[in-house]
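Chemist: This is what each chain is made of:
4 protein chains.
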Amino acid sequence: MAGNSIGKLFKLTTFGESHGVAIGGVIDGCPAGILLDLDEIQKEMDRRKPGQSAIVTQRKEPDTVEFFSGIFEGKTTGTPIGFAIRNANQKSKDYSHIKDSFRPSHADYTYFKKYGDVRDYRGGGRSSARETACRVVAGAIAKQALQGISVHAFVSGVGPIKLEKPFDSIDFSKTESNIVRCPDQELAAEMENYIKQIRKEGDTVGGIVSCVIKGVPIGLGEPVFDRLHAALGHAMLSINAVKGFQYGSGFEGSEMKGSQHNDLFNADGTTKTNLSGGIQGGISNGMDIYFDVAFKPVATIMQDQDSINKEGQAVVMQGKGRHDPCVVPRAVPIVEAMAAMVLLDYTLQNRASKIEQY
Amino acid sequence: MAGNSIGKLFKLTTFGESHGVAIGGVIDGCPAGILLDLDEIQKEMDRRKPGQSAIVTQRKEPDTVEFFSGIFEGKTTGTPIGFAIRNANQKSKDYSHIKDSFRPSHADYTYFKKYGDVRDYRGGGRSSARETACRVVAGAIAKQALQGISVHAFVSGVGPIKLEKPFDSIDFSKTESNIVRCPDQELAAEMENYIKQIRKEGDTVGGIVSCVIKGVPIGLGEPVFDRLHAALGHAMLSINAVKGFQYGSGFEGSEMKGSQHNDLFNADGTTKTNLSGGIQGGISNGMDIYFDVAFKPVATIMQDQDSINKEGQAVVMQGKGRHDPCVVPRAVPIVEAMAAMVLLDYTLQNRASKIEQY
Amino acid sequence: MAGNSIGKLFKLTTFGESHGVAIGGVIDGCPAGILLDLDEIQKEMDRRKPGQSAIVTQRKEPDTVEFFSGIFEGKTTGTPIGFAIRNANQKSKDYSHIKDSFRPSHADYTYFKKYGDVRDYRGGGRSSARETACRVVAGAIAKQALQGISVHAFVSGVGPIKLEKPFDSIDFSKTESNIVRCPDQELAAEMENYIKQIRKEGDTVGGIVSCVIKGVPIGLGEPVFDRLHAALGHAMLSINAVKGFQYGSGFEGSEMKGSQHNDLFNADGTTKTNLSGGIQGGISNGMDIYFDVAFKPVATIMQDQDSINKEGQAVVMQGKGRHDPCVVPRAVPIVEAMAAMVLLDYTLQNRASKIEQY
Amino acid sequence: MAGNSIGKLFKLTTFGESHGVAIGGVIDGCPAGILLDLDEIQKEMDRRKPGQSAIVTQRKEPDTVEFFSGIFEGKTTGTPIGFAIRNANQKSKDYSHIKDSFRPSHADYTYFKKYGDVRDYRGGGRSSARETACRVVAGAIAKQALQGISVHAFVSGVGPIKLEKPFDSIDFSKTESNIVRCPDQELAAEMENYIKQIRKEGDTVGGIVSCVIKGVPIGLGEPVFDRLHAALGHAMLSINAVKGFQYGSGFEGSEMKGSQHNDLFNADGTTKTNLSGGIQGGISNGMDIYFDVAFKPVATIMQDQDSINKEGQAVVMQGKGRHDPCVVPRAVPIVEAMAAMVLLDYTLQNRASKIEQY
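As you go down the protein sequences, you meet chains A, B, C and D in turn.
Taken in order, the first sequence gives residues 35 to 392; the numbers are from the numbering used here.
Taken in order, the second sequence gives residues 35 to 392; the numbers are from the numbering used here.
Taken in order, the third sequence gives residues 35 to 392; the numbers are from the numbering used here.
Taken in order, the fourth sequence gives residues 35 to 392; the numbers are from the numbering used here.
Here chain A stands alone, though its shape is the one from the complex:
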């Protein structure tokens, strides 16, 4: 499992199980001299944290980040930023029923088979989405390091309910005004009701988070294999429960003709349309970058499910503990965090592209 790092020059390595001592990480390659607003970081953490509203899990998880290093007198020093978030108040007993049995569509079975009979089964252990808290820490720092680039994620789908507006007609200032994090207030209310109903059924539902990145300079992206959108896709697909990624025209673009799809230039190099999604040939062209991320329904449901144990015997399992009926409201800050990290990493990489930049 040597896959716990992401990024090349701005690199995050995370550790931790949901019910171990702590989760945390190391941010390596953060440039020196960034004045950090620690309250802003905590604010991002609060957007992700359980118990923040009526439609998310009511677990209480402490989300207080302790920074160990790399910050001095309020500024980044260029040295690695180590941090941890303690686990506490876990109801580990809630998980004794999964010690020897496998929850459907969870990682219990695959971890068991891959690593042998030594996994920390409590709460999913390493495969728990609690790990994403560390991403939000690093993303919050990346956001502060990015200059002139802003990242706006929002919920654009809950189950069958979809926000169909073009991305450039959306008022991002509305995203945080409701607990679903959908910038359309009416649709948000509909989504909220739907989630509540689903929860009442002991069920869960999937959804879509969309993201728009504004203010991206021209030139970010390293072809061939490290195209900017390939890095964004990789980052998004590494988030728990994600099943798909599309940017610009996406899957719909596959139905179009070239004469419809091509983005014609204005005299200043901007384009009249933006089906390219702000990236051409893997390199940002200065237009807004936008993409969608599909999340499956949470696998833990409050209904009886047939399953098996280690011996292959039939068992009946029912979700215990407190779980999200729909993951997308809390996924919004995670998507933003991953996007911010990728953008900062590629900003740093881009400094090496031209000889004149010496």
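Simulated from the structure, these hints should not be mistaken for lab results.
Built from N, CA and C at the ideal position, the CB exists for glycine as well.
Check before you lean on any hint, since a few could be wrong.
[Said to hold, decoys possible] Just some of the chain B residues that point at chain A, by a computed CB distance under 10 Å: (1) 223; (2) 273; (3) 306; (4) 311.
With chain A's structure known, arrange chains B, C and D on it following the hints.
Modeler: This is chains B, C and D only, laid out in the frame that chain A set:
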């Protein structure tokens, strides 16, 4: 542009512009002792090559691979496999019109801005899909190294025409029986006609390539950031013209409920359904892996388009040279190649996961 | 400063400044299933810790490791092992005199110039050798994961006093029997006296740590750029104060003739001599690996030295705080730790070399 | 054998066996806009090539580099530079005697054991020093990309004959004035005679190459594990036949006291002495960087040696073909090439260290 490598233990690095001296690459980390069938490699090249049928570009490109190293008496030696494919017969003059002007939705403008005024503009240079020939070479070798794993890509969409069958009802032996590479013969004929009509209009169209991987052992995939599907997504999104990736239930999965989506276990650890797409928690669970890759329409169309030149002056551009009206038939072997490389890389990585494997 | 990781499959990333909140690290890629003896880890820490004897710094540094993750019911789970060691009891005031002035032959000046005026100057911050405590943690785990391989470092030089014995005549069980960690008791006494005298003068002295690795299987090492000895050299040269590395015949070998230097084979593939130092063509040949690491004298001396401040004005500096008069006794476990990590990393890498190993 | 790449942002990957079709490589991450002098590259190749003088191997090896990509109208484009050097005129039959037997102190035995019975035994295959020709190509390009930094290697030892002058009293313009490449003409004559005598005996001898890098800006180097000297050491230890590396005061520094060894500052931040070797805390301080590289005697000698074959039976082997009696004259450009690559890589990396550099 330090992004020309992919893979961690089985690693491909490519080089080359479409109208330079040659394209090629280095495969590093190929295990020793694989008996290579060079004819099989050429066969894969032929599936990708231009001029193979009436619905692809009629360019003649030599696709003969010369191997420089790493193979001795027919077997891989464990040392790097260097290879090159010469460029020849390029009609470079076809491209003089784009020396100072930017084709819409191509990489001309972004390369110009990123690297300065030093790009090889001919045929798109490094951003040309000719680069993917090198991927097919490496993928063909990966296929031969994979033991018991088979990779089956096929065209599942051309513009609005879609193959809607469930993946496990598809007869992959039919894929190569038509020039579209769609395993449904009737639909293939429809797609073929559509592509021909589009070409007649001087236009192009997008499409979808789907892929099924069979025989995957349990345990491939390195959480957290290197989940198997994140690596597959990254690989696919690095292919020219790709706009989206989804695996398992994909974007549709985001509309479902957990009670519908969860894959219940059989006694032997297989699952009754496979909405997970063969991967749980980023690790293969032994079921078939399947995913879709969306391709935009080729940007070069045979119609006049308004554009600009370096000075920002208005110019009219028309596609010259010989181009594909639809890229997906030739993309099928490329998708397979990338998938095979990822699978082999993760097979090698997985050997390090357990202490008992010493 | 994105250089805080070492290793490819068994990878350590460290963080922390000497007078910040904590130092620590993440070990990624440790195979699952290793039963860890935590007391053994602490024992290694104690070999490195300040205040352990009369000839090392009398600073009191807490060296208690807190493990955050990756270990469950005493065994490694294959997930990343996060850990931290709190800093406490630092006499930060000891360092106020270096806030604006540069200590000769320290990293104060270069950090100031590289990162700008934001460094944590206290105790050298990130450049302090306190960072090496994290290496000892990871090395202690690597030692327990290595099967049949043992690593034996010892002091072979203190200033001009040298241990001249051939490495295979040394009794490693004697290394820990004296505070210098030189396995020759008489020479150790001489070295101890020399260090005490040097300290009385307010001075410091350099030295040499040698290391022998026994039980190495044939086949570790990845030519061309990742030769086993290149990785060992890199690892050793990354330790604070190291000025040189040689293995096998080393610098003396450069004076020899081929007819003297070649190691002739026995019938079983072992060699009659071992001037190769257990590595041929970058790959271990099953013989003992041995090498020497040269350490410069500690830069902090208790004597007045002319120096400059940020404004380039002349200042007089004198070492304050409690420092080592000679670093090599405490460097012994650090050299062992780095060697163990390299060997484990290459053991894991080697699993990917042959097709038969699937 | 996934170890065929070096560098992080300026990265060289090489391929090729000494008696295969060709050797070559890919340079990835070379910044765009460098006007390349191809004659200068060939001149560096000529300094390395066999047959150049009476004291090196009289093999004729074609050393003509063919560039495949990455250069357009004389300038680097920022895309990967692929290149190959064909092998020709190899007397492969010279090597039939080593097909089944192992030459002492060569890599024959270790390759056989690591990769299985599939190695290209001819001329050492991948382990041949012919591979270093590719390094000289990349190094020659790196030299041209470096601005204001110059790299000066020279022979400072042949067997017991040593150049004992301080490095800053050496006139580097004399290095190429004799075939040994020792800048002291008298000593060079003595070395030349010694090498000729050794060759007459059918023997070989080791030596030392020293290197001085001038004009290095302050700030190159990425602590902790990627200290500048650790990267230089790694690069040098990856060259065939190298047994040791020391920089600045080196092994001698281990005998000194701190009061002797510390480099006191001048008002401008330069230092009065330079025992640090231009690097403090792993970061360049603007003073000259200097280091020594120890080479063992060439293993192929023209004398009978007892050895074994695959079955462990005793055989007598004698060197055939045409080999160097002493490797250091031809190693001078290789050491320079590796140094130039490291310096360029760290120049690019350093651009990411400060926020102000955006």
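Chemist: Against each hint, give a clear statement of whether it holds in the structure.
Modeler: We went through each hint and held it up to the structure:
1. 223: violated (19 Å)
2. 273: holds (9 Å)
3. 306: Holds, about 9 Å.
4. 311: This interface hint holds because 8 Å falls under the 10 Å limit.
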